[in-house]
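J.: Chain residues, written in single-letter form:
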Amino acid sequence: MEKNVVHKYLRKNKKFPHIWCPGCGHGVIMSSMLRAIDKQGLDRDDVAVVSGIGCSSRTPTYVDFNTIHTTHGRALAFATGLKLAKPDMTVIVVMGDGDAVGIGGNHFIHAARRNMDLKVIVYNNNIYGMTGGQASPTTPSGKKATTARYGNIERSFDICELAKATGAVYVARSTSYHVQALEKYIHRSLSKKGFTVVEAMTHCPTTYGRLNKIKEPVAGMIYQKDHFIMKAAWDKLPEEKREGKFPMGEFVDIEKTDFVSKYLRLIEANKE
Amino acid sequence: MSVELPKLGGKFIQMEDEIGSMASIIGASIGGLKSMTATSGPGISLMQENIGYAVITETPCLIVNVQRGGPSTGLPTMPSQGDILQARWGTHGDHPIITIYPHTVPEIFEETIRSVELSEKYRIPVILLLDEVIGHMREKIDIEKVDKNKSFKRKTPDVPNEWFFPYERNSSGVPAFADFGEGYRYHITGLVHDVDGFPTSKPDQIDAFMKRMFRKIDDNLDDILDWEEYELEDSEYMILAAGCVARSAKQAIRTLRDEHGIKIGLLRPKTIWPFISSVLIDKAQDKKKIFVPEMNMGQLLLPTQRFASSICDILPFNKINGEAIYPHELVSFIRRNI
Numbered sequence: 210m211e212k213n214v215v216h217k218y219l220r221k222n223k224k225f226p227h228i229w230c231p232g233c234g235h236g237v238i239m240s241s242m243l244r245a246i247d248k249q250g251l252d253r254d255d256v257a258v259v260s261g262i263g264c265s266s267r268t269p270t271y272v273d274f275n276t277i278h279t280t281h282g283r284a285l286a287f288a289t290g291l292k293l294a295k296p297d298m299t300v301i302v303v304m305g306d307g308d309a310v311g312i313g314g315n316h317f318i319h320a321a322r323r324n325m326d327l328k329v330i331v332y333n334n335n336i337y338g339m340t341g342g343q344a345s346p347t348t349p350s351g352k353k354a355t356t357a358r359y360g361n362i363e364r365s366f367d368i369c370e371l372a373k374a375t376g377a378v379y380v381a382r383s384t385s386y387h388v389q390a391l392e393k394y395i396h397r398s399l400s401k402k403g404f405t406v407v408e409a410m411t412h413c414p415t416t417y418g419r420l421n422k423i424k425e426p427v428a429g430m431i432y433q434k435d436h437f438i439m440k441a442a443w444d445k446l447p448e449e450k451r452e453g454k455f456p457m458g459e460f461v462d463i464e465k466t467d468f469v470s471k472y473l474r475l476i477e478a479n480k481e
Numbered sequence: 015m016s017v018e019l020p021k022l023g024g025k026f027i028q029m030e031d032e033i034g035s036m037a038s039i040i041g042a043s044i045g046g047l048k049s050m051t052a053t054s055g056p057g058i059s060l061m062q063e064n065i066g067y068a069v070i071t072e073t074p075c076l077i078v079n080v081q082r083g084g085p086s087t088g089l090p091t092m093p094s095q096g097d098i099l100q101a102r103w104g105t106h107g108d109h110p111i112i113t114i115y116p117h118t119v120p121e122i123f124e125e126t127i128r129s130v131e132l133s134e135k136y137r138i139p140v141i142l143l144l145d146e147v148i149g150h151m152r153e154k155i156d157i158e159k160v161d162k163n164k165s166f167k168r169k170t171p172d173v174p175n176e177w178f179f180p181y182e183r184n185s186s187g188v189p190a191f192a193d194f195g196e197g198y199r200y201h202i203t204g205l206v207h208d209v210d211g212f213p214t215s216k217p218d219q220i221d222a223f224m225k226r227m228f229r230k231i232d233d234n235l236d237d238i239l240d241w242e243e244y245e246l247e248d249s250e251y252m253i254l255a256a257g258c259v260a261r262s263a264k265q266a267i268r269t270l271r272d273e274h275g276i277k278i279g280l281l282r283p284k285t286i287w288p289f290i291s292s293v294l295i296d297k298a299q300d301k302k303k304i305f306v307p308e309m310n311m312g313q314l315l316l317p318t319q320r321f322a323s324s325i326c327d328i329l330p331f332n333k334i335n336g337e338a339i340y341p342h343e344l345v346s347f348i349r350r351n352i
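Chains as they are written, first to last, in our numbering: chain A, 210 to 481; chain B, 15 to 352.
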């Protein structure tokens with residue numbers, strides 16, 4: 210009997226330690242995911258975890274499910290094929306911010322548009338961490354990256370807004386500080402059918418933190434505590450007080466028939 | 015396929031781009047389905063990264079590439095044989111691959127079935143390389159020739175979960191494939207991995223993995239290679255050609271033999287990668303010259319030279335103007351050069 214529910218889902222044959230840097234928030238997200246899976250009562254054989262490339266995408270290596278570590282940005286396209294082949298399998302897709310909405314942006318919007326029944330968890334550390342801290346599509350304007358040493362002059366993507374606009378049936382954001390909310394949102398997404406997105410903000414002490422003066426892991430957690438505000442409170446906040454702050458919580462929770470269910474009906478109607 | 019597949023309970027999806035198409039057929043294959051995609055021109059370049067992923071993860075799948083003139087948007091949709099070497103070396107990194115090159119519509123039908131079988135049997139992506147000339151052609155096929163009840167099944171593991179090694183080094187060189195959802199929870203990665211499927215950077219494990227990947231193909235050439243010999247028996251000259259050029263070559267051979275008394279025959283690789291090197295070496299022995307006509311600047315010429323340049327003269331004939339090579343062009347070229 211495992212003392213910690215997370216241990217039940219970690220691979221015993223995998224060589225730990227993991228590759229994440231000391232102080233990284235990714236492990237918090239992974240364990241939140243595992244607790245949510247446990248709460249949902251899913252059979253490990255019926256769960257697939259698919260990832261792209263990057264720090265977050267090493268998650269599948271450590272967890273005891275059917276796991277695929279694919280190519281950069283393409284996790285959703287691989288997952289789409291898998292879901293078509295295995296409609297009853299719960300397919301969780303873990304990606305980083307650059308993976309999901311940078312190189313994989315096209316697959317993200319189309320998987321959402323199609324309403325593929327995929328459970329997306331985006332580990333958003335606002336930077337390409339693994340490759341040396343290059344600016345990602347979610348690096349906030351003005352913040353530094355190794356390819357934006359004078360401050361990022363580009364606008365950043367709001368992943369939740371993008372997911373909402375492209376048709377996701379469930380969209381939520383939490384952080385590696387707000388662990389209980391994170392677990393709750395992932396659990397909620399697992400219980401829904403259709404394209405769901407949980408954006409998990411995480412701190413990267415090694416690249417983003419070092420360049421932007423929040424290099425201590427604790428400082429990263431405090432930053433999340435102070436800057437992410439529950440949606441209800443955020444909505445009441447006057448415009449001038451929103452500067453530098455971000456809303457978190459559940460943004461979309463609707464019902465829509467997913468692609469595979471529609472396709473199975475199409476087969477039923479046309480089979481010979 | 016969007017019309018026919020649902021009727022049979024199969025799945026069709028139009029992905030957002032060719033990168034996604036290639037990725038999704040790999041995902042579907044991991045889920046246990048036989049899967050394929052098709053493209054032409056730039057699409058095959060977009061697929062290359064994930065073709066490499068299918069190679070390293072040893073995931074069976076079929077990619078149909080109806081070649082058209084390139085580079086870039088090139089000549090939509092005029093014929094070219096510009097992708098012969100890309101089919102071999104399009105994705106980065108050292109790797110084996112199987113490429114099949116039919117030359118008639120009925121042969122496409124038969125070779126598609128064989129390609130899927132080879133792919134499943136050796137756990138490798140197979141590229142079915144076609145010419146635009148054949149791709150847009152209508153010819154009769156004999157569906158009755160195919161036994162519908164005989165469907166090739168991939169080898170799946172029969173050991174308990176805890177004994178299962180997804181990339182085991184067995185005598186065949188091809189590990190059993192566990193479809194997702196069958197109780198074998200394992201890891202698939204595009205990183206070089208050891209027998210347990212987890213990434214490795216240990217030189218001895220990398221070496222064993224890479225060599226097995228090549229060995230599973232190299233040890234089975236008898237099964238994988240296929241070719242056609244046409245009028246080669248008594249010939250003094252030989253044409254080496256594939257796809258639609260082989261059709262023109264056959265016509266040219268008739269004219270050269272019947273009207274000009276030139277003893278010439280054709281060697282046509284059906285399996286183009288791996289190359290039919292031992293067959294070529296054997297057939298080249300008693301030839302005065304080998305002609306290599308192709309709709310590119312010499313892509314089939316390279317392996318031909320590699321294996322036969324020390325045996326006899328090799329003469330290329332290249333045409334890259336968006337037209338097929340016509341029989342009369344070959345007749346006059348060969349008559350001028352013997």
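It is worth saying that the hints were derived from the structure and are not from the lab. Nothing here was measured: the structure is a model prediction, and the numbers come from that model. Think of the CB as a built atom: it goes at the ideal place given N, C-alpha and C, for glycine as much as any other residue. Hints should not be assumed to be uniformly reliable.
Listed below are the simulated BS3-like cross-link pairs for lysine-lysine, each with C-alpha atoms no more than 27 angstroms apart in a straight line [unchecked claim]:
1. B:K21 - B:K159
2. A:K454 - A:K424
3. B:K284 - A:K480
4. A:K480 - B:K225
5. B:K277 - A:K480
6. B:K21 - A:K471
7. A:K393 - A:K248
8. B:K230 - B:K303
9. A:K465 - B:K162
10. A:K480 - B:K167
11. A:K480 - B:K230
12. A:K402 - B:K21
13. B:K225 - A:K223
14. B:K169 - A:K223
15. B:K48 - B:K277
16. A:K471 - B:K230
17. B:K216 - B:K167
18. A:K454 - A:K393
19. A:K465 - A:K480
20. B:K21 - B:K225
21. A:K248 - A:K480
22. A:K223 - B:K284
23. A:K434 - A:K445
24. B:K154 - B:K48
25. A:K221 - B:K216
26. B:K264 - B:K230
27. A:K480 - B:K216
28. A:K373 - A:K402
Just a few of them, taken from the derived set where beta-carbon distance is under 7 angstroms, the chain B residues facing chain A [what the hints assert, rightly or not]:
29. P20
30. E30
31. I44
32. K48
33. A52
34. T53
35. P56
36. G57
37. R199
38. G204
39. P217
J.: For every hint, state whether the structure bears it out.
T.: Going down the list of hints, with the structure as the test:
no., hint, result
1, B:K21 - B:K159, "22 angstroms, holds"
2, A:K454 - A:K424, "19 angstroms, holds"
3, B:K284 - A:K480, "35 angstroms, violated"
4, A:K480 - B:K225, "45 angstroms, violated"
5, B:K277 - A:K480, "55 angstroms, violated"
6, B:K21 - A:K471, "15 angstroms, holds"
7, A:K393 - A:K248, "10 angstroms, holds"
8, B:K230 - B:K303, "34 angstroms, violated"
9, A:K465 - B:K162, "39 angstroms, violated"
10, A:K480 - B:K167, "23 angstroms, holds"
11, A:K480 - B:K230, "39 angstroms, violated"
12, A:K402 - B:K21, "25 angstroms, holds"
13, B:K225 - A:K223, "24 angstroms, holds"
14, B:K169 - A:K223, "26 angstroms, holds"
15, B:K48 - B:K277, "45 angstroms, violated"
16, A:K471 - B:K230, "40 angstroms, violated"
17, B:K216 - B:K167, "34 angstroms, violated"
18, A:K454 - A:K393, "22 angstroms, holds"
19, A:K465 - A:K480, "25 angstroms, holds"
20, B:K21 - B:K225, "42 angstroms, violated"
21, A:K248 - A:K480, "38 angstroms, violated"
22, A:K223 - B:K284, "44 angstroms, violated"
23, A:K434 - A:K445, "18 angstroms, holds"
24, B:K154 - B:K48, "25 angstroms, holds"
25, A:K221 - B:K216, "20 angstroms, holds"
26, B:K264 - B:K230, "34 angstroms, violated"
27, A:K480 - B:K216, "51 angstroms, violated"
28, A:K373 - A:K402, "16 angstroms, holds"
29, P20, "5 angstroms, holds"
30, E30, "4 angstroms, holds"
31, I44, "6 angstroms, holds"
32, K48, "10 angstroms, violated"
33, A52, "15 angstroms, violated"
34, T53, "15 angstroms, violated"
35, P56, "15 angstroms, violated"
36, G57, "14 angstroms, violated"
37, R199, "5 angstroms, holds"
38, G204, "6 angstroms, holds"
39, P217, "17 angstroms, violated"
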